[in-house]
Amino acid sequence: MDSKDYLKDISEIKDMMNRSSRFISLSGLSGVLAGVYALIGAGIAYWLVSNSGREYLILDGRIFRLVILDLFLIAFFSIVTAIFLAVKKARKNNNKIWDVTTKRLLFNFLIPLVAGGLYILIILNQQKYGFTAAMMLIFYGLALVNASKYSIGDIQYLGIIEIVLGLICALLPGYGFWFWVLGFGVMHIVYGTVMYFKFDRKK
Amino acid sequence: MSIINNINKVFDHRIRLGIMSVLMVNEYANFTALKELLDVTDGNLASHAKALEKAEYITIEKQFIGKKPNTRYIATKLGRIAFQKHIEALEQLIKSSE
Chain A
1 MDSKDYLKDI SEIKDMMNRS SRFISLSGLS GVLAGVYALI GAGIAYWLVS
51 NSGREYLILD GRIFRLVILD LFLIAFFSIV TAIFLAVKKA RKNNNKIWDV
101 TTKRLLFNFL IPLVAGGLYI LIILNQQKYG FTAAMMLIFY GLALVNASKY
151 SIGDIQYLGI IEIVLGLICA LLPGYGFWFW VLGFGVMHIV YGTVMYFKFD
201 RKK
Chain B
1 MSIINNINKV FDHRIRLGIM SVLMVNEYAN FTALKELLDV TDGNLASHAK
51 ALEKAEYITI EKQFIGKKPN TRYIATKLGR IAFQKHIEAL EQLIKSSE
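In order, the protein sequences belong to chains A and B. Take the first sequence: its letters are residues 1 to 203, numbered as in my numbering. Take the second sequence: its letters are residues 1 to 98, numbered as in my numbering.
If you're looking for bench data, these hints aren't it; they were derived computationally from the structure. Warning: the hint list may mix true and false statements.
Claimed, not checked - Here are the simulated DSS-like cross-link-like pairs (lysine-lysine), alpha carbons at most 25 Å apart as the crow flies:
| hint | chain 1 | residue 1 | chain 2 | residue 2 |
| --- | --- | --- | --- | --- |
| 1 | A | LYS8 | A | LYS103 |
| 2 | B | LYS54 | A | LYS96 |
| 3 | A | LYS103 | B | LYS62 |
| 4 | B | LYS54 | B | LYS85 |
| 5 | A | LYS88 | A | LYS128 |
| 6 | A | LYS8 | A | LYS128 |
| 7 | A | LYS8 | B | LYS9 |
| 8 | B | LYS62 | A | LYS8 |
What the hints assert, rightly or not - So these bits of chain B aren't anywhere near chain A, every CB distance computed over 10 Å:
| hint | residue |
| --- | --- |
| 9 | ARG14 |
| 10 | ASN26 |
| 11 | ARG72 |
Unchecked claim - Listed below are several chain A residues computed to face chain B (Cβ distance under 7 Å; list not exhaustive):
| hint | residue |
| --- | --- |
| 12 | TYR6 |
| 13 | LEU7 |
| 14 | SER11 |
| 15 | ASP70 |
| 16 | LEU73 |
| 17 | ASN108 |
| 18 | ILE111 |
None of these values were measured; they are calculated from a predicted model. Each residue gets a CB set at the ideal place from its N, CA and C atoms; glycine is no exception.
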């Protein structure tokens, strides 16, 4: 055996370790699109609130419910896009989409996210809605950091950025909307683009 | 040559190398998962797993989930150390040949 074979052995070991323990079919493009949806959704929410005749958003019905619906639509389209592109990437690379790594990634991503989501809903019901954007950013960031052990693409860095943005946002009440736009819109587009060129383009 | 001595004959096969790689980073792996990851036939996987078990590098646990048999493979401490040494030896060889 010459050194070329040893190199092949090493790269095969690495490949097996990654494929068996990490979900590798995440597409950078889904990050970019999630960011675009967030920006469009934020634009709609901004338009809704500024045309409501009031300066502040209050929990009293139509406009508030429309904004919540807007948020759910952003989440819905982002998730559908992520699934669609992941399935496509997995097929292209001949990987299985629903295996241990997928389940592990989802489980670890959803724990902080669902806990945070429920917490936000609970305090919204108690009329405390000042920190919603900050908490969305923080819990989403925690979910990303938690999931990063089970995926490629250094998503822990995006997670840490979201957490930091959320904390700064909590320090500056009244700017929640703009931090949300920055965290969920701009950061997703920047990060998705970097990941797309780093992982998807090469192959 | 001490480096050559660390190259482990037991791992000198693509499938056995693959089985150990998977088991190094997972608590355990079952038969079907390994089969799909390594893209091998049932018989091939079983015989190579047996070779690793004989060297006491992995343990094979057979159990039933309902009525379906489920075989789990787990790397032993000895196996982990041996595989680590094998990787180090591979790296050494690559370095020295450069």
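Okay, the hints, checked on the actual structure:
As the CA atoms of LYS8(A) and LYS103(A) are separated by approximately 30 Å, the hinted pair breaks the 25 Å bound. Only pairs whose Cα atoms come within 25 Å are accepted, and LYS54(B) paired with LYS96(A) is rejected, the gap being roughly 31 Å. Among the hinted pairs, LYS103(A) with LYS62(B) is consistent with the structure: their alpha-carbon atoms are about 23 Å apart, no more than 25 Å. A threshold of 25 Å between alpha carbons decides the hint, and for LYS54(B) with LYS85(B) the separation of about 19 Å falls inside it, so the pair holds.
Restraint check for LYS88(A) and LYS128(A): the C-alpha separation of about 42 Å exceeds 25 Å, so the hint is violated. For the hint linking LYS8(A) to LYS128(A), the alpha-carbon distance of about 58 Å lies beyond 25 Å, and the restraint is violated. A distance of roughly 16 Å separates the Cα atoms of LYS8(A) and LYS9(B); the hinted pair therefore holds under the 25 Å criterion. Among the hinted pairs, LYS62(B) with LYS8(A) is inconsistent with the structure: their alpha-carbon atoms are about 33 Å apart, more than 25 Å.
The claim that ARG14(B) lies off the interface is violated: its Cβ sits roughly 7 Å from the closest Cβ of chain A, which falls inside the 10 Å cut-off. Listed as outside the interface, ASN26(B) is inconsistent with that label: its C-beta sits roughly 6 Å from the nearest C-beta of chain A, within the 10 Å cut-off. For ARG72(B), the requirement that its beta carbon stay farther than 10 Å from each beta carbon of chain A is met, with the minimum near 12 Å. Nearest Cβ of chain B to the Cβ of TYR6(A): about 5 Å, under the 7 Å cut. The hint holds.
Against a cut-off of 7 Å between C-beta atoms, the interface hint on LEU7(A) holds, since the closest Cβ of chain B lies about 6 Å away. Look at SER11(A): its Cβ only gets to about 11 Å from chain B, farther than 7 Å, so that hint breaks. A least Cβ separation of about 41 Å between ASP70(A) and chain B goes past the 7 Å threshold, and the interface hint is therefore violated. Violation of the interface hint for LEU73(A) is found here, the shortest Cβ-Cβ separation to chain B being roughly 36 Å, above the 7 Å cut-off.
Residue-level restraint check for ASN108(A) is violated (minimum Cβ-Cβ distance to chain B is 15 Å; threshold 7 Å). Among the interface hints, the one on ILE111(A) is violated; its C-beta lies about 19 Å from the nearest C-beta in chain B, farther than the 7 Å criterion.
In the structure shown, a violation is registered for the earlier hints numbered 1, 2, 5, 6, 8, 9, 10, 14, 15, 16, 17 and 18, in ascending order.
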